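Between the sequences and the hints, there should be enough to build the whole structure, so can you do that?
What the sequence shown shows, in mature numbering (1 follows the signal peptide of the UniProt record, and there is no 0), is residues -20 to -1, 1 to 236, in sequence order.
A portion of the hints provided could be inaccurate.
Simulated pairs of lysine-lysine, PhoX-like, Cα-Cα distance not exceeding 20 Å [to be verified]:
{"hint": "1", "residue 1": "K180", "residue 2": "K204"}
{"hint": "2", "residue 1": "K67", "residue 2": "K193"}
{"hint": "3", "residue 1": "K180", "residue 2": "K124"}
{"hint": "4", "residue 1": "K124", "residue 2": "K91"}
{"hint": "5", "residue 1": "K193", "residue 2": "K236"}
{"hint": "6", "residue 1": "K91", "residue 2": "K67"}
{"hint": "7", "residue 1": "K236", "residue 2": "K138"}
{"hint": "8", "residue 1": "K180", "residue 2": "K133"}
{"hint": "9", "residue 1": "K176", "residue 2": "K124"}
{"hint": "10", "residue 1": "K189", "residue 2": "K68"}
{"hint": "11", "residue 1": "K193", "residue 2": "K138"}
{"hint": "12", "residue 1": "K214", "residue 2": "K176"}
{"hint": "13", "residue 1": "K216", "residue 2": "K68"}
{"hint": "14", "residue 1": "K133", "residue 2": "K176"}
{"hint": "15", "residue 1": "K68", "residue 2": "K91"}
{"hint": "16", "residue 1": "K204", "residue 2": "K176"}
{"hint": "17", "residue 1": "K189", "residue 2": "K214"}
{"hint": "18", "residue 1": "K214", "residue 2": "K193"}
{"hint": "19", "residue 1": "K236", "residue 2": "K124"}
{"hint": "20", "residue 1": "K35", "residue 2": "K59"}
{"hint": "21", "residue 1": "K133", "residue 2": "K59"}
{"hint": "22", "residue 1": "K180", "residue 2": "K144"}
{"hint": "23", "residue 1": "K124", "residue 2": "K138"}
{"hint": "24", "residue 1": "K67", "residue 2": "K124"}
{"hint": "25", "residue 1": "K68", "residue 2": "K35"}
{"hint": "26", "residue 1": "K133", "residue 2": "K189"}
{"hint": "27", "residue 1": "K180", "residue 2": "K138"}
{"hint": "28", "residue 1": "K91", "residue 2": "K59"}
Quick list of the computed label-pair ranges, beta carbon to beta carbon [unchecked claim]:
{"hint": "29", "residue 1": "E145", "residue 2": "T169", "range": "18 to 26 Å"}
{"hint": "30", "residue 1": "G126", "residue 2": "G182", "range": "14 to 22 Å"}
{"hint": "31", "residue 1": "K68", "residue 2": "E32", "range": "33 to 41 Å"}
{"hint": "32", "residue 1": "F65", "residue 2": "Y191", "range": "18 to 26 Å"}
{"hint": "33", "residue 1": "E32", "residue 2": "T119", "range": "22 to 30 Å"}
{"hint": "34", "residue 1": "E203", "residue 2": "E30", "range": "42 to 50 Å"}
{"hint": "35", "residue 1": "K176", "residue 2": "G122", "range": "29 to 37 Å"}
{"hint": "36", "residue 1": "T155", "residue 2": "N42", "range": "30 to 38 Å"}
{"hint": "37", "residue 1": "K144", "residue 2": "E120", "range": "42 to 50 Å"}
Derived from the structure by calculation, the hints contain no laboratory data.
Remember, it's a predicted structure, so these values are computed and weren't measured experimentally.
Even for Gly, the Cβ is constructed at its ideal location relative to N, Cα and C.
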Amino acid sequence: MKNKLLIPIVLLAACSLLLGCQETKLNNQIDKVQPHNKTALNPEDHALKEVEWVKVVDPPQNVSSPSEAVVHQYEVGFKDGTTEFPKKDSVIFETSLGQKSIVAIRSPEGKNNFAVFLYEHNPSASWGVYGLVRLLGNTEFGDKEGLQLPFEKFNATKMGLPDKETSIWVFANETEIVTITVYNRFSFTPSSDREKILLKNGNEAYIGKDYFKNSYLYYFDTEKTIVVSGNVDKQKFIDLANSLPSVTFTSFPSPK
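Encoded structure:
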């Protein structure tokens, strides 16, 4: 699994190139990203459909949150000529800290397909996507490399965005997903109802709940902000955070 954790795959680099266009308002919205899975199960007609491309488009200007924006932004095209956008009930979580947000959905690409979006708020352009990770939730890996992940078998990948000084690791099986996101430390107004705990490494951590009633956890380490999100129980976030080494450790998030 180490290669999966430490090396961004080619697809994610392609996604980053596409999303770089988002910052210039996606002037060329016909740019498309090739899929990482050849077939996908459409839950509506139970027929195998082959994904041809995915793309991110501008959201409506009146959207108030990233989870509202994403259902208008992420378009999947199939080889039969049909296209799909996510449905509202496909949004899994939305973790927002100030002007930054992490949103995970069940992707229209097919059964067990996830997509995770990194959002940033721009006063002149509302919420914009600057990073996208696509992952098929399965049981490919069993070596947790010392991490207290909430599942025994899972798939995993990483995306690094040097220009944004952001990295994200995504872990998922067929039903659960967990993300570890590292930002350069930034200022924001914390939620008034957050819960403060002390991690084993001595760092104070804060636990909140999003609009979808999912917990999330964040803490500060040196000049970084580490955010743990997903659709698992609060205690599992705490266990995972307690297993993380210092963000300066060369093999972060693996403590080995």
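Taking the hints in turn, this is what the structure says about them:
1. K180 / K204: 18 Å, holds
2. K67 / K193: 18 Å, holds
3. K180 / K124: 19 Å, holds
4. K124 / K91: Violated, at about 24 Å.
5. K193 / K236: 33 Å, violated
6. K91 / K67: 14 Å, holds
7. K236 / K138: 17 Å, holds
8. K180 / K133: 25 Å, violated
9. K176 / K124: Given pair K176, K124 is violated - Cα atoms ~27 Å apart, limit 20 Å.
10. K189 / K68: Judged against 20 Å, a Cα distance of about 19 Å means the pair holds.
11. K193 / K138: 26 Å, violated
12. K214 / K176: 13 Å, holds
13. K216 / K68: Not OK: K216 and K68 at ~26 Å, beyond 20 Å, violated.
14. K133 / K176: Distance ~30 Å between K133 and K176 Cα, so the pair is violated.
15. K68 / K91: 16 Å, holds
16. K204 / K176: Holds: K204 and K176 sit about 18 Å apart, inside 20 Å.
17. K189 / K214: 9 Å, holds
18. K214 / K193: 11 Å, holds
19. K236 / K124: This hinted pair holds, its Cα atoms lying about 10 Å apart.
20. K35 / K59: 14 Å, holds
21. K133 / K59: 31 Å, violated
22. K180 / K144: Since the Cα atoms of K180 and K144 sit roughly 29 Å apart, the hinted pair is violated (cutoff 20 Å).
23. K124 / K138: 14 Å, holds
24. K67 / K124: 32 Å, violated
25. K68 / K35: Cα-Cα ~18 Å, so holds.
26. K133 / K189: 26 Å, violated
27. K180 / K138: 25 Å, violated
28. K91 / K59: 17 Å, holds
29. E145 / T169: 18 to 26 Å: 21 Å, holds
30. G126 / G182: 14 to 22 Å: Roughly 18 Å apart at Cβ, these two residues keep to the hinted range, so it holds.
31. K68 / E32: 33 to 41 Å: 24 Å, violated
32. F65 / Y191: 18 to 26 Å: The hint (18 to 26 Å, Cβ to Cβ) holds, given that F65 and Y191 are roughly 19 Å apart.
33. E32 / T119: 22 to 30 Å: Given a distance of about 27 Å, which is inside 22 to 30 Å, the answer is holds.
34. E203 / E30: 42 to 50 Å: Distance hint for E203, E30 holds at roughly 45 Å.
35. K176 / G122: 29 to 37 Å: 34 Å, holds
36. T155 / N42: 30 to 38 Å: 33 Å, holds
37. K144 / E120: 42 to 50 Å: Taking Cβ atoms as reference, K144 and E120 lie about 28 Å apart, which means the hint is violated.
Violated hints for the displayed structure, listed by number in ascending order: 4, 5, 8, 9, 11, 13, 14, 21, 22, 24, 26, 27, 31, 37.
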